[in-house]
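Model the full structure from these sequences, guided by the hints.
Listed below, chain by chain, are the residues.
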Amino acid sequence: MKNQSLWWEICEESLSVESVSKYLFDSRAGGVDIFVGITREWTHDKHTKMLSYDCYVPMALKEMKALLDDAVERWPVVKACILHRTGLVPSAHPSVIIGVATPHRKDAFEACRFLIDQLKIRVPIWKKETYADGSEEWVDPTGKHSPPLQP
Amino acid sequence: MITFKILLFSILKEKVGQDTIELKVASSLTGEQLLDKLSSDYDSIHSFRSVIRLAVNESYVHESIELTNGDEVALITPVSGG
Numbered sequence: 001m002k003n004q005s006l007w008w009e010i011c012e013e014s015l016s017v018e019s020v021s022k023y024l025f026d027s028r029a030g031g032v033d034i035f036v037g038i039t040r041e042w043t044h045d046k047h048t049k050m051l052s053y054d055c056y057v058p059m060a061l062k063e064m065k066a067l068l069d070d071a072v073e074r075w076p077v078v079k080a081c082i083l084h085r086t087g088l089v090p091s092a093h094p095s096v097i098i099g100v101a102t103p104h105r106k107d108a109f110e111a112c113r114f115l116i117d118q119l120k121i122r123v124p125i126w127k128k129e130t131y132a133d134g135s136e137e138w139v140d141p142t143g144k145h146s147p148p149l150q151p
Numbered sequence: 152m153i154t155f156k157i158l159l160f161s162i163l164k165e166k167v168g169q170d171t172i173e174l175k176v177a178s179s180l181t182g183e184q185l186l187d188k189l190s191s192d193y194d195s196i197h198s199f200r201s202v203i204r205l206a207v208n209e210s211y212v213h214e215s216i217e218l219t220n221g222d223e224v225a226l227i228t229p230v231s232g233g
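Chains as they are written, first to last, in the working numbering: chain A, 1 to 151; chain D, 152 to 233.
Be aware that one or more of the hints could be misleading.
[To be verified] Reference excerpt, derived from the structure (chain D facing chain A, CB under 7 Å, subset only):
id	residue
1	Phe160
2	Ser161
3	Ile162
4	Val202
5	Glu209
6	Ile227
7	Val230
8	Gly232
[To be verified] DSS-like, lysine-lysine: derived pairs with alpha carbons at most 27 Å apart:
id	chain 1	residue 1	chain 2	residue 2
9	A	Lys128	D	Lys156
10	A	Lys49	D	Lys188
11	A	Lys65	A	Lys120
12	D	Lys164	A	Lys62
13	A	Lys22	A	Lys106
14	D	Lys164	A	Lys120
15	A	Lys128	A	Lys65
16	A	Lys46	A	Lys128
17	D	Lys164	A	Lys46
18	D	Lys188	D	Lys164
19	A	Lys62	A	Lys120
20	D	Lys166	A	Lys46
21	D	Lys156	D	Lys166
22	D	Lys164	D	Lys175
23	D	Lys188	D	Lys175
24	D	Lys175	D	Lys156
25	A	Lys120	D	Lys166
26	D	Lys188	D	Lys166
27	A	Lys120	D	Lys156
28	A	Lys128	A	Lys62
29	A	Lys65	A	Lys2
30	A	Lys65	D	Lys156
31	A	Lys128	D	Lys166
32	A	Lys22	A	Lys62
33	D	Lys164	A	Lys128
34	A	Lys2	A	Lys120
35	A	Lys2	A	Lys106
36	A	Lys65	D	Lys188
37	A	Lys106	A	Lys120
38	D	Lys188	D	Lys156
39	A	Lys22	A	Lys120
40	A	Lys62	A	Lys2
Because the hints were derived from the structure by calculation, they are not lab data.
The C-beta atom is built at its ideal place from N, Cα and C for all residues, glycine as well.
Written as structure tokens, this is what we have:
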């Protein structure tokens, strides 16, 4: 979903940083911050082949819009966006792009950080690691569950 | 009779082996009572009980919420987007 100042979307296809910068570049802004989360191949000694994402799509979209609205309340946002991919994401490919355009850079940095930090707490999206040895594991940020599932 | 649709995602979907549970109960329930019932019916839900957040009709709610007929309830284990 996209309007004049906010864009939020769950995509099954690859994400384009170029389309985000095109949307955010606006003559009312002086600073544009774009955060891109990509699939990391190595976490300590674990070798990741790809990530796959599960998502409660309608609620995720509502939560993303609520986060953007919060950012608009707190910072002088000219434009902002949150795009998240679902399905399989190979290593080095983007899974999330967050962008904020504000008149001055400080606000863009702060709002962008707020959006990615809150997304990781509130938005109902889950990632599963598929390792090079074929085993799989749902990422558990609390560290309490999810022993690796053998292939 | 009151009917709820319960949505499961990620690890709960895998462990339970389905993405939806249809539940019919005789009288109204709170979120907490629903979670207690699901925990006793499904071992895998029981093992995640302490970290599950409840969402009703696509919004996070407190477990004290009184559920009403036809509510769509989602069991949200710790999220890991990004």
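Exercise for review: State the violated hints by number, sorted upward, taking the hints as numbered earlier in the document.
Suggested key: 10 and 36
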